[in-house]
Every structure is written in structure tokens, then in C-alpha cells.
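Using the sequences and the accompanying hints, generate a full structural model.
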Amino acid sequence: MRRAQSQSLSKKLVPVLPLEDVASDLDICLVLEFIGADLGVGNYKPLQKKFVRVSGEATVRHVEKFIRKKLELEPVCQVDIICGNKILEQHETLRHIRSNVAHSSIRDGLLILHYGLVRAHK
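For the sequence shown, UniProt numbering gives the first residue as 1, with consecutive numbering after it.
Hints should not be assumed to be uniformly reliable.
Said to hold, decoys possible - Straight-line alpha carbon distances no greater than 30 Å define the calculated DSS-like cross-link-like pairs of lysine-lysine that follow:
1) LYS65 to LYS49
2) LYS70 to LYS86
3) LYS65 to LYS86
4) LYS86 to LYS45
What the hints contain is simulated information worked out from the structure, not anything from laboratory work.
Right, here's the structure in full:
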């Protein structure tokens with residue numbers, strides 16, 4: 001009986017990698033700050049958790065998709081992502097942005113991105 005329990009238990013155990021190995025490619029830490037929404041966009045609230053850790057290879061488009069999913073945005077909403085005083089292009093990687101931004105856009109090692117919701121142009 002004990003052998004059967006031991007074999008059953010060993011089948012359920014999975015090797016666990018140290019946290020630093022799992023998260024080694026998650027090298028960019030973001031703060032996503034809500035700056036508001038245009039009239040007619042809806043009544044959206046900021047993200048509940050504004051701190052995110054992602055790969056430096058992630059693009060602005062990935063961040064937009066994340067925001068869209070978390071806020072359950074309608075297709076009529078456009079998400080503008082801003083760093084400093086510049087609206088970011090969707091193809092830009094976060095690593096590129098971090099290496100080219102002003103010091104004021106980084107706080108305690110976190111890349112500060114602002115996002116706003118606007119009505120998409122048809």
C-alpha cells in the first residue's frame with residue numbers, strides 16, 4: 001500500500017525551477033498609469049494592478065492587448081500609450097523604449113507608461 005502511494009505521489013510531483021530561472025527573460029518592469037478617457041468612450045476605470053513585469057522583446061502592441069483584455073474594451077476604443085511626452089508606435093519594443101527615454105520616465109527602476117482611451121477614427 002505504501003509503495004502505491006509513493007509511486008502515485010511521485011507522478012504528481014513536477015520539478016520546480018528556481019524563480020530566477022523562470023523569470024530571467026522578464027526583464028522590464030512597467031507601471032501602467034491611466035490618464036483618462038475621451039467622452040463617449042465609456043466609463044472605464046484604471047487597471048486594478050498597474051505594475052507589470054514583461055520581456056524586453058514585448059512591443060507596445062502587446063501592452064495595448066493586455067490593457068484591452070483587462071479592461072474588456074470595445075473595438076470602438078483605441079488605446080494610446082505614452083512615455084514621457086511621446087505617443088509610442090505599436091512596433092517599438094519595451095527594451096528599445098527603456099534605453100531611449102528620458103530619466104524622468106523611469107522611477108525606481110520601473111518604466112512609466114501612461115495610457116489613455118480614445119474613440120477610434122472610422
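### Message
Of the numbered hints stated earlier in the document, which are not met by this structure?
### Response
No numbers; nothing is violated.
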